[in-house]
Amino acid sequence: ETGVTQSPTHLIKTRGQQVTLRCSSQSGHNTVSWYQQALGQGPQFIFQYYREEENGRGNFPPRFSGLQFPNYSSELNVNALELDDSALYLCASSFGRGYTFGSGTRLTVV
Amino acid sequence: AQTVTQSQPEMSVQEAETVTLSCTYDTSESNYYLFWYKQPPSRQMILVIRQEAYKQQNATENRFSVNFQKAAKSFSLKISDSQLGDTAMYFCAFFLYSGGGADGLTFGKGTHLIIQP
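Going line by line, the protein sequences match chains A and B. Yeah, the first sequence ends on 150 if you go by the working numbering, and it's all consecutive. Yeah, the second sequence ends on 131 if you go by the working numbering, and it's all consecutive.
There could be a bad hint or two in this list.
[As the list claims (entries may be wrong)] Now the in silico label distances, taken between C-beta atoms and shown as ranges: (1) A:VAL150 - B:THR74: 42 to 48 Å; (2) B:SER94 - A:ALA120: 45 to 51 Å; (3) A:LYS53 - B:GLN83: 32 to 38 Å; (4) A:PRO48 - B:PRO23: 38 to 44 Å; (5) B:GLN71 - A:LEU51: 26 to 32 Å; (6) B:SER26 - A:PHE109: 43 to 49 Å; (7) B:MET25 - A:LEU107: 27 to 33 Å; (8) B:GLN28 - A:THR54: 43 to 49 Å; (9) B:GLN28 - A:GLY80: 22 to 28 Å; (10) B:LYS69 - A:GLN58: 44 to 50 Å; (11) B:LYS92 - A:VAL150: 41 to 47 Å.
Quick caveat, the hints were computed from the structure, so don't treat them as lab data. Please read all numbers here as calculations on a predicted model, not as lab measurements. All C-beta atoms, glycine included, are put in the ideal place defined by N, C-alpha and C.
Using the sequences and the hints, build the whole thing.
See the structure below:
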């Protein structure tokens with residue numbers, strides 16, 4: 041049974057650029073959610089996808105968008121990067137009410 | 015909206031001691047789950063223990079147990095016989111069962127637990 045894998049592990053971008061983060065779900069998990077974890081804080085819910093449709097969203101602006109593919113893998117896209125977008129981005133896949141997290145992508149915006 | 019509060023930013027105990035981490039939450043809902051997650055320096059969130067709100071019995075997983083007080087909206091984690099490998103950030107999280115989990119997990123700010131040799 042494979043876990044949740046995220047890529048890349050680290051990324052440095054310039055303010056105003058766009059970034060795409062990727063997540064491969066655990067086998068059999070049809071739901072994926074993304075979280076932003078700022079330094080020293082708990083993760084904040086960005087959005088959730090179920091069977092390729094967004095079915096839940098936290099308090100994040102539209103420049104945070106996502107996709108889920110037929111194999112349940114997912115992407116998080118962030119446009120017009122701001123310095124405050126620097127954080128650890130965690131992906132979690134689930135089936136029912138059990139969440140499995142990846143090790144995250146550390147995004148630094150300079 | 016739900017909120018989760020962890021009032022202990024950092025705790026430090028000696029190896030083999032028992033430690034209790036506190037968590038309180040606020041919700042007007044009745045069907046929910048509560049979790050404790052561990053986040054070591056590897057960054058991956060690891061599920062420690064889960065409690066369904068409809069269950070009166072406190073959950074236990076080996077050395078980990080919870081004290082779930084639904085009326086008081088309190089959900090503390092007790093770690094017995096603490097080990098060096100327990101050193102990590104610990105997050106309390108709330109999950110609303112109704113709505114298919116569309117609100118995701120709501121996390122507290124975390125407690126940094128340090129186990130001293």
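These are the hints, each one checked on the structure:
no. : hint                           : result
1   : A:VAL150 - B:THR74: 42 to 48 Å : 46 Å, holds
2   : B:SER94 - A:ALA120: 45 to 51 Å : 49 Å, holds
3   : A:LYS53 - B:GLN83: 32 to 38 Å  : 45 Å, violated
4   : A:PRO48 - B:PRO23: 38 to 44 Å  : 30 Å, violated
5   : B:GLN71 - A:LEU51: 26 to 32 Å  : 44 Å, violated
6   : B:SER26 - A:PHE109: 43 to 49 Å : 45 Å, holds
7   : B:MET25 - A:LEU107: 27 to 33 Å : 40 Å, violated
8   : B:GLN28 - A:THR54: 43 to 49 Å  : 47 Å, holds
9   : B:GLN28 - A:GLY80: 22 to 28 Å  : 25 Å, holds
10  : B:LYS69 - A:GLN58: 44 to 50 Å  : 45 Å, holds
11  : B:LYS92 - A:VAL150: 41 to 47 Å : 43 Å, holds
In terms of the numbered hints stated before, the structure departs from hints 3, 4, 5 and 7, listed from lowest to highest.
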